[in-house]
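**Student:** Residue-level listing of the chains:
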Amino acid sequence: MKKRRFVIQGLAAAGLSMPAAAAPTHIDLENLVKESQPQGLFTVLAAQKEIKTAQHRSHKSHGSHRSSSGGSRRSYPTPTPTPVPTQRRSESTPPSSILPKSSLSSKSYLTPTEQFTLKVKRVQAGLTAYGYYNGKADGIVGPDTKAALSKFQKDYGYKITGTITPEVLSAFSIS
Amino acid sequence: MIELSLPANFSDSSHLPFIAKLSRIDGHQTATLVGEIGDELMFQFQDLTISIVQPVGEDIIGDIVFVEPAYNRVSRWIRERSDHNTLLVTERCDQLCIMCSQPPKKSHIDMFTFMEQACMLAPQNMMIGFSGGEPLLYKEQLFALLEKVHTVRPDLKFHVLTNAQHFEEDDVERLRQTAFKSVLWGVPLYASDPSTHDSIVGKIGAFEQLVTSLPIMARAGLQIELRSVLLKQNYHEFEQLSRFISSKLPFVSVWAIMQLERIGFAKNRWFEQFVDHSENSEPLMAAVSVAKSVGLDISLYNIPYCTVPQKLRGFLSQSISDWKRSFPADCEKCSVKSICTGFFEWHSTLEDYKYGGVI
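Chains A and B, in that order, give the protein sequences.
Numbered per the working numbering, the first sequence spans residues 1 to 175.
Numbered per the working numbering, the second sequence spans residues 176 to 534.
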């Protein structure tokens with residue numbers, strides 16, 4: 001029993017809680033999908049914790065991908081102007097200490113595709129736990145993940161798209 | 176206005192540019208839809224994840240796009256549900272038309288490989304335009320592309336907008352091949368008086384070169400669409416132009432007469448160039464009448480329905496490309512809005528026309 005609990009704690013830590021429609025109180029990996037019982041306190045807490053961290057993450061990058069210039073096909077290619085480095089005295093304040101950190105170096109900032117990849121990993125872990133998927137949780141939706149999504153959506157009465165949809169995300173309490 | 180260039184985010188911004196078809200199902204060269212969260216669509220192309228915010232009220236699934244991760248950009252080259260897809264061959268030009276809607280640039284980026292791939296993925300029976308600049312500055316590459324695509328996709332049709340000054344006798348044999356039967360060549364001719372035409376296109380000798388090239392095109396059996404823009408500079412000569420085309424260029428398939436587009440060079444020279452055909456429709460009526468009498472097909476482009484006399488309305492065409500078509504608020508009440516070409520997005524008003532209004 002202790003070992004099984006550990007498994008589930010691991011899932012919760014990975015950002016997984018049970019689908020709301022089928023949240024079991026006691027844990028039985030064999031019957032995870034079939035069980036349909038009221039949500040346990042553990043699951044609720046795990047889900048709430050997850051929502052907090054996820055909201056924090058997405059907040060910072062909100063709308064960031066909309067701000068980039070669309071440019072125009074007609075103006076292709078319009079290279080992003082490279083900033084010309086100014087001559088700086090070596091003892092002056094380093095740029096990194098005053099300039100905003102780039103998206104690549106900042107841990108609190110995730111681009112839309114990075115956010116999505118994380119969500120995909122969680123969905124894949126969830127689909128694995130529920131017996132729909134036995135590939136890697138690599139964050140890439142390939143044919144196997146699409147097939148697993150379609151079957152999961154069918155079984156749970158969701159719209160069958162074979163894609164990550166808001167319904168799928170909320171089923172796994174991923175925000 | 177339909178957005179043709181969409182901001183996008185990529186899991187790997189160092190990925191080289193490529194052509195893909197946005198699709199729900201896996202297939203040849205597809206970027207497959209893998210996530211749809213609100214208006215944000217996620218696609219997977221091999222190892223690359225792409226995030227695109229879908230423009231409101233539009234469906235981008237099915238589009239053939241040019242993807243540039245380094246520029247955070249996805250360009251909709253061939254939209255599945257549009258009749259107005261045009262590929263830009265080059266921005267170089269050897270003329271400098273006074274009203275050019277897309278002023279030329281000196282630089283050229285060779286996109287033939289990408290254009291060829293895009294054509295190969297195009298929906299069945301589509302007509303795809305090639306424009307510029309002057310596309311025939313890259314005659315060999317363009318001919319080769321048309322030939323190659325035709326062997327694989329004989330269902331496709333093409334429209335090439337060209338000043339036609341680069342056709343030579345040596346091209347005739349090649350152009351007689353079946354690949355070129357799928358092409359309609361749009362050729363601008365602004366006046367039958369050489370000096371008027373040359374001054375409009377900004378090139379001395381242009382008219383002479385053109386009237387040498389047109390018979391070459393005819394001998395090659397090419398389909399020709401002449402294009403003439405209404406301007407203050409040529410409007411008074413329109414009947415004369417019509418007589419010239421009717422008598423000297425009988426091999427022309429269609430004559431497109433078009434109103435000026437208020438963009439590019441015409442934007443700042445509007446009042447020197449724009450001619451209100453509603454105020455004086457005589458030259459237009461006379462030109463149509465002459466051409467009609469010899470059985471030449473005529474289309475009137477970019478001309479709002481209400482601005483021409485009844486007699487001309489049958490020649491109007493819904494020519495303004497869907498992605499730049501717009502109507503001023505007053506037109507909402509109009510009974511013929513659905514058959515009217517409308518206005519250009521950047522100048523959507525009836526104020527230029529003395530006569531016209533809700534029908």
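Accuracy of the hints is not assured; some may be wrong.
Unchecked claim - Distance condition first, Cα-Cα at most 25 Å in a straight line; then the derived SDA-like pairs of lysine to any residue:
| no. | chain 1 | residue 1 | chain 2 | residue 2 |
| --- | --- | --- | --- | --- |
| 1 | A | LYS154 | B | GLU211 |
| 2 | A | LYS159 | B | GLN229 |
| 3 | A | LYS151 | B | SER198 |
| 4 | A | LYS159 | B | GLY232 |
| 5 | A | LYS151 | B | GLU447 |
| 6 | A | LYS159 | B | GLY531 |
| 7 | A | LYS121 | B | PHE220 |
| 8 | B | LYS407 | B | GLY531 |
| 9 | A | LYS154 | B | ASP214 |
| 10 | A | LYS121 | B | SER510 |
| 11 | A | LYS151 | B | GLY531 |
| 12 | A | LYS159 | B | LYS529 |
| 13 | B | LYS529 | B | GLU447 |
| 14 | A | LYS151 | B | ARG199 |
Just so you know, the hints here were simulated from the structure itself, not pulled from any lab data.
Remember, predicted model here, so these are calculated numbers, not experimental data.
**Student:** For this structure, which hints from the list above don't hold up?
**Tutor:** Hints 5, 6, 10, 11 and 12 not satisfied by this model.
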